[in-house]
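Enquirer: Take the sequences, apply the hints, and build the full model.
As they're listed, the protein sequences go chains A and B.
Sequential numbering of the first sequence, starting at 1, is according to our numbering.
Sequential numbering of the second sequence, starting at 1, is according to our numbering.
These are calculated hints, taken from the structure and not from any lab test.
The structure displayed is predicted, hence computed values, not measured ones.
Under the rule of at most 30 Å between Cα atoms (straight-line distance), these lysine-lysine pairs were calculated in the BS3-like manner:
#  : chain 1 : residue 1 : chain 2 : residue 2
1  : A       : 135       : B       : 22
2  : A       : 135       : A       : 93
3  : A       : 104       : A       : 119
4  : A       : 187       : A       : 11
5  : A       : 93        : A       : 189
6  : A       : 104       : A       : 135
7  : A       : 11        : A       : 189
8  : A       : 119       : B       : 112
9  : A       : 188       : A       : 93
10 : A       : 187       : A       : 220
11 : A       : 93        : B       : 112
12 : A       : 86        : B       : 112
13 : B       : 112       : A       : 75
14 : B       : 22        : A       : 93
15 : A       : 79        : A       : 187
16 : B       : 112       : A       : 104
17 : A       : 79        : A       : 11
18 : A       : 79        : B       : 112
19 : B       : 22        : A       : 104
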Amino acid sequence: MEEVTTTVAVKPVVMLEGVSKVIRGRTILEDVSFEIPPAQIVGLSGLNGSGKSTLLKVIGGFIYPTEGRVVVFGKEIGKEAEFPDKTGVLIEKPGFLTSMSGRKNLELLASIRNEIGEKEIREVITLVGLDPDDKRPVRAYSTGMIQRLGIAQALMEHPELLLLDEPTSNLDREGITIVHNVLRDLKKKGITILMTSPNMEELRYICDTVFWVENGHLGKEPP
Amino acid sequence: MGNVVSYARVIRLNVTTAFRWKSLLWTVVLFAVIGLFGVYEVVSYPTALSKNVWDVLFVTFAGPGVFSDSLFQLVLWFLPYLFFFYLFGNIAEEDLSQRGVSLIPLIGSRRKWWLGEVVTLLILSFFYVVTGVATILIVSRCFLPWSTHLSPFLLSSGIWQTIPKDLSVATLLLRWIFPLFFGTLVAVSFLQMTLSLQWRNAFLSFIAASAMMILSWLFGIRHPSVVRWLPGSQSMLLRHTFLEPQVRGFSLAWSLGYNAVIILAVLAVSFIYVRRIDIVKEISEIHKEA
Chain A
1 MEEVTTTVAV
11 KPVVMLEGVS
21 KVIRGRTILE
31 DVSFEIPPAQ
41 IVGLSGLNGS
51 GKSTLLKVIG
61 GFIYPTEGRV
71 VVFGKEIGKE
81 AEFPDKTGVL
91 IEKPGFLTSM
101 SGRKNLELLA
111 SIRNEIGEKE
121 IREVITLVGL
131 DPDDKRPVRA
141 YSTGMIQRLG
151 IAQALMEHPE
161 LLLLDEPTSN
171 LDREGITIVH
181 NVLRDLKKKG
191 ITILMTSPNM
201 EELRYICDTV
211 FWVENGHLGK
221 EPP
Chain B
1 MGNVVSYARV
11 IRLNVTTAFR
21 WKSLLWTVVL
31 FAVIGLFGVY
41 EVVSYPTALS
51 KNVWDVLFVT
61 FAGPGVFSDS
71 LFQLVLWFLP
81 YLFFFYLFGN
91 IAEEDLSQRG
101 VSLIPLIGSR
111 RKWWLGEVVT
121 LLILSFFYVV
131 TGVATILIVS
141 RCFLPWSTHL
151 SPFLLSSGIW
161 QTIPKDLSVA
171 TLLLRWIFPL
181 FFGTLVAVSF
191 LQMTLSLQWR
201 NAFLSFIAAS
211 AMMILSWLFG
221 IRHPSVVRWL
231 PGSQSMLLRH
241 TFLEPQVRGF
251 SLAWSLGYNA
261 VIILAVLAVS
271 FIYVRRIDIV
281 KEISEIHKEA
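Expert: In structure tokens form, the structure reads like this:
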């Protein structure tokens, strides 16, 4: 009997078509197109100023492209949706209220949508290696602890897409291992992850696909 | 209903973010000092007529008259505005720069976030005015008697010759001082908040709002025909027709309407502008990517 194979078209979670971004006459991204299928970890690497962070911000809806289309979960960002649905974000230095504890900060942010409770917040804080009962204000946290709290915030509302800008920067070896393990677990659960890092080796270790960004263009490998 | 509850949470978060006990303490100190100057002015006035706490309230909120170039009057009137612009005029820009990336996607839209900032500024303005008035009354009470009526000193033209003889405490407080102080504070600080977003620079917008108040005082001096068009004049009781007949057509209704037009115009422009605003500061983006 002849074996029949069928190919099911997998709808990409993220799709960019000819995206360019010009800020004050300076081209930051130029004609970028790519797709990210579900449950993949995709990495963006490049030198400082290459445009990798801008790309993440465009996908997250934080800045709009000058040209081109960004489609996330089937909705065009800036037209059909202002921000992508079900997306957790860690972009730039996380901005928390420094006079409150890490848990209190997450509780305040979670209260906006009121979709998760104290139990989930405690779990996600523990997941990134912090103590949910730590009463110290965020101003007493190290840079690495703030980074972990930022990752916890990105994860707390059970996103299906994660946009992480240099998630392991400022982390010690233990922190990096925790984050890598968390990302692998999330991938197994079907979550799609797009992350940046200046460290190509790290991305090759953790990601399914790695892109090299240079002068606003996307390539597969560094020159 | 769900939206309202969600909005209430956003506003609670905004107020929690903007409010500092230290700011409240300094607000009380500022108004206490202003109140003491007011007390000094009232107590040192030579008269046999009895005085009370409402005289101080009138003196501190009357603002400079159209024929007054007294720097003391200017400072007494201007300091509460300056301090408010400093404390709260940049809440939106600060929120956007420091927490925008975390906060706005949770709220769901830039316009919803902006509306939250607008409501937050309204709430903060209201409590600032209430704190100011209450502090001045408490400080005055340490030196002058309390009364449910305005003093013979105030009503017999001891302070200002054209004060209506039938003026009541309720009119002075609720129809004159509160709406004019609150309305002008809201109008100018809305403008400051919008400019801070447009320029992405809290310091420049603070300077712009402060300059607007100072220039309103300066351009109005000895120019009765222009005072009613100046934004800062709207809060100066002594420049209004009911207290300064040489100024024509500058009524309470005019000031309320003037402030309402500014507020609505700023809101309309800001809601259009904020719809496609970049949440990440452009300038930092260029520097980082350059």
